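*Asks:* Chains as they are written, first to last, in our numbering: chain A, 19 to 142; chain B, 19 to 142; chain C, 19 to 142; chain D, 19 to 142; chain E, 19 to 142; chain F, 19 to 142; chain G, 19 to 142; chain H, 19 to 142; chain I, 19 to 142; chain J, 19 to 142.
No lab work stands behind these hints, which were simulated from the structure alone. Note that the structure is predicted; figures quoted are calculated from it, not measured. For glycine and all other residues, C-beta sits at the position ideal for the given N, C-alpha and C. Treat the hints with care, since some could be wrong.
Which bits of chain I does chain G cover? Going by a derived footprint, with three or more residues having C-beta under 8 Å, they are [to be verified]:
(1) 39-48
(2) 84-91
(3) 127-134
Think about it this way: if two alpha-carbon atoms lie no more than 25 Å apart in a straight line, the pair counts; the simulated BS3-like pairs of lysine-lysine are [what the hints assert, rightly or not]:
(4) A:Lys75 with E:Lys49
(5) J:Lys65 with E:Lys49
(6) A:Lys49 with B:Lys72
(7) B:Lys49 with G:Lys75
(8) A:Lys75 with I:Lys49
(9) A:Lys72 with A:Lys101
(10) D:Lys72 with D:Lys49
(11) C:Lys65 with B:Lys49
(12) E:Lys101 with E:Lys75
(13) H:Lys72 with D:Lys49
(14) C:Lys49 with F:Lys65
(15) C:Lys49 with D:Lys49
(16) I:Lys75 with B:Lys75
(17) E:Lys65 with D:Lys101
(18) J:Lys65 with J:Lys75
(19) A:Lys49 with I:Lys72
(20) C:Lys75 with C:Lys65
(21) G:Lys49 with I:Lys49
(22) C:Lys49 with D:Lys65
(23) G:Lys72 with G:Lys49
(24) B:Lys72 with I:Lys72
The primary structure of each chain is shown beneath.
10 protein chains.
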Amino acid sequence: MPIIETFINPNQERNYTIHIRMPEFTCLCPKTGQPDFATLFLDYVPKELCVELKSLKNYIWGYRNDGAFHEAVTNQILDDLVKISMPNFMRMRAEFNVRGGIYTTVVAEHIATNWTPPTVINLP
Amino acid sequence: MPIIETFINPNQERNYTIHIRMPEFTCLCPKTGQPDFATLFLDYVPKELCVELKSLKNYIWGYRNDGAFHEAVTNQILDDLVKISMPNFMRMRAEFNVRGGIYTTVVAEHIATNWTPPTVINLP
Amino acid sequence: MPIIETFINPNQERNYTIHIRMPEFTCLCPKTGQPDFATLFLDYVPKELCVELKSLKNYIWGYRNDGAFHEAVTNQILDDLVKISMPNFMRMRAEFNVRGGIYTTVVAEHIATNWTPPTVINLP
Amino acid sequence: MPIIETFINPNQERNYTIHIRMPEFTCLCPKTGQPDFATLFLDYVPKELCVELKSLKNYIWGYRNDGAFHEAVTNQILDDLVKISMPNFMRMRAEFNVRGGIYTTVVAEHIATNWTPPTVINLP
Amino acid sequence: MPIIETFINPNQERNYTIHIRMPEFTCLCPKTGQPDFATLFLDYVPKELCVELKSLKNYIWGYRNDGAFHEAVTNQILDDLVKISMPNFMRMRAEFNVRGGIYTTVVAEHIATNWTPPTVINLP
Amino acid sequence: MPIIETFINPNQERNYTIHIRMPEFTCLCPKTGQPDFATLFLDYVPKELCVELKSLKNYIWGYRNDGAFHEAVTNQILDDLVKISMPNFMRMRAEFNVRGGIYTTVVAEHIATNWTPPTVINLP
Amino acid sequence: MPIIETFINPNQERNYTIHIRMPEFTCLCPKTGQPDFATLFLDYVPKELCVELKSLKNYIWGYRNDGAFHEAVTNQILDDLVKISMPNFMRMRAEFNVRGGIYTTVVAEHIATNWTPPTVINLP
Amino acid sequence: MPIIETFINPNQERNYTIHIRMPEFTCLCPKTGQPDFATLFLDYVPKELCVELKSLKNYIWGYRNDGAFHEAVTNQILDDLVKISMPNFMRMRAEFNVRGGIYTTVVAEHIATNWTPPTVINLP
Amino acid sequence: MPIIETFINPNQERNYTIHIRMPEFTCLCPKTGQPDFATLFLDYVPKELCVELKSLKNYIWGYRNDGAFHEAVTNQILDDLVKISMPNFMRMRAEFNVRGGIYTTVVAEHIATNWTPPTVINLP
Amino acid sequence: MPIIETFINPNQERNYTIHIRMPEFTCLCPKTGQPDFATLFLDYVPKELCVELKSLKNYIWGYRNDGAFHEAVTNQILDDLVKISMPNFMRMRAEFNVRGGIYTTVVAEHIATNWTPPTVINLP
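Could you put together the complete structure from these sequences and hints?
*Replies:* Structure, rendered in structure tokens:
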């Protein structure tokens with residue numbers, strides 16, 4: 019797999035959120051060898067490091083000819099991103115294209131052990 | 019009814035969610051014998067087992083020539099899926115097509131007795 | 019008014035939800051005698067009884083030539099449905115068509131005195 | 019300004035909500051004298067009085083040739099409506115049309131001092 | 019950078035919200051020198067001062083020929099606005115246009131140290 | 019049936035078009051006696067007379083308690099409007115609400131015998 | 019197959035159009051035996067006969083347990099409807115649900131040999 | 019009425035189209051004196067002159083306190099614009115807000131006597 | 019490239035249309051080697067042969083690791099499909115995903131030399 | 019202005035269409051010096067040359083700090099592209115962002131003098 023690069027979080031004093039949408043994920047079905055497609059949604063609260071987007075694109079591209087089950091690959095991508103960027107919080111959502119009349123989405127989250135989520139401010 | 023198959027949850031260390039949408043559910047109205055149609059939404063947090071999608075498709079297909087009331091069949095499908103896959107949490111939502119100018123949706127949930135739902139992290 | 023019929027709730031062991039949308043409500047304005055139109059949204063958690071849909075359609079139809087103010091009729095329909103079906107929880111939302119450039123919606127709820135709402139499970 | 023009229027709340031036993039949308043608000047910009055336009059959203063829980071819609075329409079129409087800043091006029095309309103109808107809760111949201119490539123919305127709320135908001139029931 | 023101007027908050031007695039959407043933000047990519055585009059969403063609860071819109075437009079326009087990374091510029095704009103207008107609460111959301119098949123959004127918030135967010139009133 | 023009124027076409031020198039949408043048509047099914055609902059679209063090129071809107075509303079309201087088949091009532095309304103207003107061209111489109119899982123729309127047109135439709139100017 | 023019934027066209031003096039949408043067509047794939055689903059759009063200009071909707075519903079329902087290829091079944095339904103109702107013009111459009119990542123729609127038309135389509139009147 | 023200004027068409031060698039949408043038209047109903055609202059769509063092929071936008075805005079603003087019937091005002095605005103700018107072709111479309119449950123749109127066109135519309139090029 | 023298979027057109031007596039949408043086309047950019055994505059729309063009027071969908075899916079899949087320019091590959095796919103299925107008419111439309119802030123779509127058509135397109139019947 | 023590059027049309031035997039959408043056009047208002055924004059739609063039928071996309075992006079970027087009126091700049095871009103690529107047909111559509119409550123779009127076309135547009139094939 020290509021290496022995911024990071025850069026120093028330019029604002030480590032506050033919790034803030036980075037949302038990333040990647041509609042061009044494709045891998046192969048381990049059973050049939052045929053292509054699968056998904057849109058990936060990555061949401062995270064950086065700690066000391068941010069994920070560099072060009073290397074993220076290459077990392078995602080690295081699955082193009084890999085066999086991967088829906089549940090396993092979603093957790094795997096989250097694990098890889100967490101390992102490299104050590105965020106306060108990270109969520110990976112993978113919305114797969116329809117297969118056999120069934121639409122499947124897998125969502126996994128990671129919370130840093132010593133991190134307290136900030137109170138949510140809802141405005142009317 | 020066809021048997022619902024399962025496979026070992028590839029990541030049992032974290033609570034994660036699987037969302038499944040099946041727009042092709044059809045059964046028969048027990049009163050009139052005429053076809054009913056619904057879109058099923060299955061959302062669950064697996065424990066040790068995940069639901070295998072092809073067998074799920076066949077199980078759903080098994081209702082095609084069955085008589086089934088809206089409220090009963092939604093609870094029945096949830097019960098069958100819970101019995102086989104023993105998830106931490108599972109929700110079944112059935113949005114039925116309009117009949118007599120009325121649109122009906124039924125939603126039922128199951129929570130495992132010893133399971134504590136994780137804190138929801140809302141990001142701005 | 020036509021009688022609203024009920025049937026025995028087929029699953030009294032769990033709290034589950036029934037959502038009903040009726041886009042064809044019409045009554046008369048008590049001031050002008052002219053027709054009013056609304057879409058009704060009924061959401062409820064049944065206890066021992068479920069609302070039978072055909073009789074509900076006829077009951078709603080019964081307002082066709084009745085004069086009815088927006089606020090009063092919404093509360094009245096909720097009261098009638100609660101009286102007949104004695105649910106754990108019931109909400110009636112009436113979205114009226116525009117009159118005089120103004121769109122009005124009225125929402126009323128009933129909670130059974132001895133009922134505790136279940137904890138909401140939010141999944142990512 | 020035209021007088022806002024009220025009528026007796028037909029159901030004072032329960033907290034219920036009235037939502038009103040008025041897409042035809044227009045006033046004048048106090049700086050340039052040119053027309054401003056907004057859609058107003060009024061949401062309230064009545065206590066003893068409900069707001070009469072025809073007089074509300076005339077009251078809103080009364081701003082047509084008035085100069086009014088976005089922030090001030092939203093608070094002013096809320097104050098006027100609260101003073102007349104003394105609701106348990108009232109919210110005014112004003113979504114102004116784009117000016118200079120910028121879209122502005124102002125939202126203000128009033129809660130009666132002795133009123134406890136009811137527990138929100140979220141249904142799946 | 020052009021100076022952001024303020025004016026006296028016309029209603030300092032209540033917490034209310036101002037939402038501002040600016041679809042015309044553009045700056046330059048510090049790596050490639052090519053243009054970047056974003057829609058900015060500013061939501062704030064004013065304290066003693068409100069942000070004057072024309073000067074805000076000019077301030078945003080001031081980034082047109084500046085190099086700016088997504089994460090840094092979002093935090094920078096929030097910091098500048100907080101410094102000038104000292105609000106009770108302020109949130110800046112920047113939705114950047116797609117680059118390399120990836121859509122990125124950055125969201126940052128500021129809460130005044132001595133400010134208690136009001137209870138959110140959710141109406142059905 | 020209430021009488022449809024007309025007024026003198028204020029510009030008889032050019033062919034121009036009037037489009038009218040009425041989402042609140044309701045009549046009764048002649049077979050079952052139950053209510054039917056439709057949205058009516060009236061498009062016409064006036065000659066010497068225009069259709070007065072308030073009387074049109076009352077005329078449409080006149081079908082409220084009449085039994086009427088989809089195909090027949092659409093042609094009947096067109097015939098009545100043509101007889102009263104003698105337009106150069108008139109089209110009536112009735113989009114009925116779903117019944118038995120089937121959505122039906124009926125469209126009928128009238129062209130004055132001595133009228134030549136103007137050349138259509140399509141702009142890119 | 020259930021018989022399609024007809025009734026006398028109530029207005030045989032003008033060409034007019036009847037549009038029918040049936041979102042609940044289902045048959046079986048002749049290769050795999052698994053269910054297929056489609057939305058049918060029927061558009062026709064009646065001559066002496068109109069298609070009766072309840073019998074049309076039953077006829078469509080008759081394909082529920084039949085094997086049928088997309089191209090063949092669309093032409094077959096058109097042929098059956100033409101044979102029974104002998105319209106001036108009839109079009110059948112079948113939009114099938116996705117299979118193998120591919121969405122297929124088939125459209126066939128019939129024109130009566132001695133029928134001249136009316137000039138289309140396009141209004142601005 | 020404010021004067022509509024023009025400027026020299028910068029490209030008089032080809033037929034080209036200018037589309038203008040103005041969602042902020044308001045006038046008064048001549049019968050009731052109450053405000054009416056419309057969105058205006060102006061489409062034209064300039065000849066020697068183009069319509070200047072700021073003066074157009076002021077001209078439209080000039081109807082704010084005028085009584086005006088739907089059909090008459092649409093034709094009047096078209097006539098005024100044609101008289102000033104003498105275009106090859108001009109179309110005015112006015113979509114009025116709902117009144118009495120009825121939505122009305124009026125569309126009028128002007129073609130210069132010696133102008134031949136160019137052949138429309140439709141691309142697949 | 020995988021072979022595109024065909025089957026005998028089940029209704030060769032009439033011109034009818036088959037629309038196929040394939041949202042899962044991917045190839046490689048010949049310049050950068052990076053993945054490109056497109057949605058393909060195939061519309062054709064079959065003559066003696068229809069395109070078999072499973073082999074079409076495999077053929078499209080065959081481009082997964084090929085370098086291909088937008089304009090060339092769209093024409094190439096059309097040529098291959100025409101050669102195999104010899105249709106009366108065929109159109110290929112390829113909507114590529116955004117690259118460099120630019121969205122590109124290419125559309126090519128083939129008409130059989132001895133085929134006359136049927137008159138288009140437009141219904142109101 | 020940056021130079022627009024071209025490449026040899028890979029299929030000069032047939033008329034085919036290339037659609038290009040560029041949502042990131044920005045220039046300056048010649049009167050006020052403030053930024054303007056537009057989405058450009060380029061549709062063309064190439065002859066011997068195709069427009070190279072990267073150089074097109076740079077050319078469009080070249081207007082960033084230029085003053086340009088809506089009507090003039092749309093015609094200018096069309097002229098520049100026609101001069102370089104000598105297409106059979108080319109259309110430029112520029113949809114500008116709202117200014118002063120008014121939305122403006124300008125559309126210009128070029129047809130090669132010796133080119134005959136192909137017959138449009140409309141499929142049902």
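*Asks:* Does each hint hold? Answer for all of them.
*Replies:* Going through the hints against the structure:
Counting residues of the region 39-48 of chain I whose CB lies closer than 8 Å to any CB of chain G gives 4, which reaches the minimum of 3, so the coverage claim holds. Only residues whose C-beta sits within less than 8 Å of a C-beta in chain G count toward coverage, and the region 84-91 of chain I has 0 of them, not enough to reach three; the restraint is violated. Under a criterion of three residues with beta carbons nearer than 8 Å to beta carbons of chain G, the stated coverage of the region 127-134 of chain I fails, only 0 such residues being counted. The suggested pairing of lysine 75 of chain A with lysine 49 of chain E holds, with an alpha-carbon distance near 17 Å, which does not exceed 25 Å.
In summary, the hint linking lysine 65 of chain J to lysine 49 of chain E is not supported, as the alpha carbons are separated by about 37 Å, beyond the 25 Å threshold. Between lysine 49 of chain A and lysine 72 of chain B the alpha-carbon distance is near 12 Å, which keeps this suggested pair within the 25 Å criterion. The suggested pairing of lysine 49 of chain B with lysine 75 of chain G holds, with an alpha-carbon distance near 17 Å, which does not exceed 25 Å. With a C-alpha separation of about 17 Å, the suggested pair lysine 75 of chain A and lysine 49 of chain I falls inside the 25 Å cut-off, and the hint holds.
Pair hint lysine 72 of chain A plus lysine 101 of chain A holds up; C-alpha atoms about 18 Å apart against a cutoff of 25 Å. Between the alpha carbons of lysine 72 of chain D and lysine 49 of chain D the distance comes to roughly 31 Å, so the proposed pair goes past 25 Å and is violated. For the suggested pair lysine 65 of chain C and lysine 49 of chain B, the alpha carbons sit about 23 Å apart, so the restraint of at most 25 Å is met. This hinted pair checks out: lysine 101 of chain E and lysine 75 of chain E have alpha carbons roughly 17 Å apart, not beyond 25 Å.
At roughly 17 Å between alpha-carbon atoms, lysine 72 of chain H and lysine 49 of chain D fall within 25 Å of each other, so this suggested pair holds. With a C-alpha separation of about 37 Å, the suggested pair lysine 49 of chain C and lysine 65 of chain F falls outside the 25 Å cut-off, and the hint is violated. Proposed proximity of lysine 49 of chain C and lysine 49 of chain D is contradicted: the alpha carbons are some 42 Å apart, above 25 Å. A threshold of 25 Å between alpha carbons decides the hint, and for lysine 75 of chain I with lysine 75 of chain B the separation of about 22 Å falls inside it, so the pair holds.
Taking the CA atoms of lysine 65 of chain E and lysine 101 of chain D, the gap is about 24 Å. The hint holds against a cut of 25 Å. Proximity of lysine 65 of chain J to lysine 75 of chain J is assessed by CA-CA distance (about 21 Å); at most 25 Å being required, the pair is judged to hold. Of the pairs offered as hints, the one joining lysine 49 of chain A and lysine 72 of chain I holds, with about 17 Å between alpha carbons and a cut-off of 25 Å not exceeded. For the hint pairing lysine 75 of chain C with lysine 65 of chain C, the CA-to-CA distance comes to about 21 Å; that is within 25 Å, so the pair holds.
A distance of roughly 42 Å separates the Cα atoms of lysine 49 of chain G and lysine 49 of chain I; the hinted pair therefore is violated under the 25 Å criterion. Taking the CA atoms of lysine 49 of chain C and lysine 65 of chain D, the gap is near 23 Å; set against the 25 Å cutoff, the hint holds. This hinted pair does not check out: lysine 72 of chain G and lysine 49 of chain G have alpha carbons roughly 31 Å apart, beyond 25 Å. For the hint pairing lysine 72 of chain B with lysine 72 of chain I, the CA-to-CA distance comes to about 19 Å; that is within 25 Å, so the pair holds.
In the structure shown, a violation is registered for the earlier hints numbered 2, 3, 5, 10, 14, 15, 21 and 23, in ascending order.
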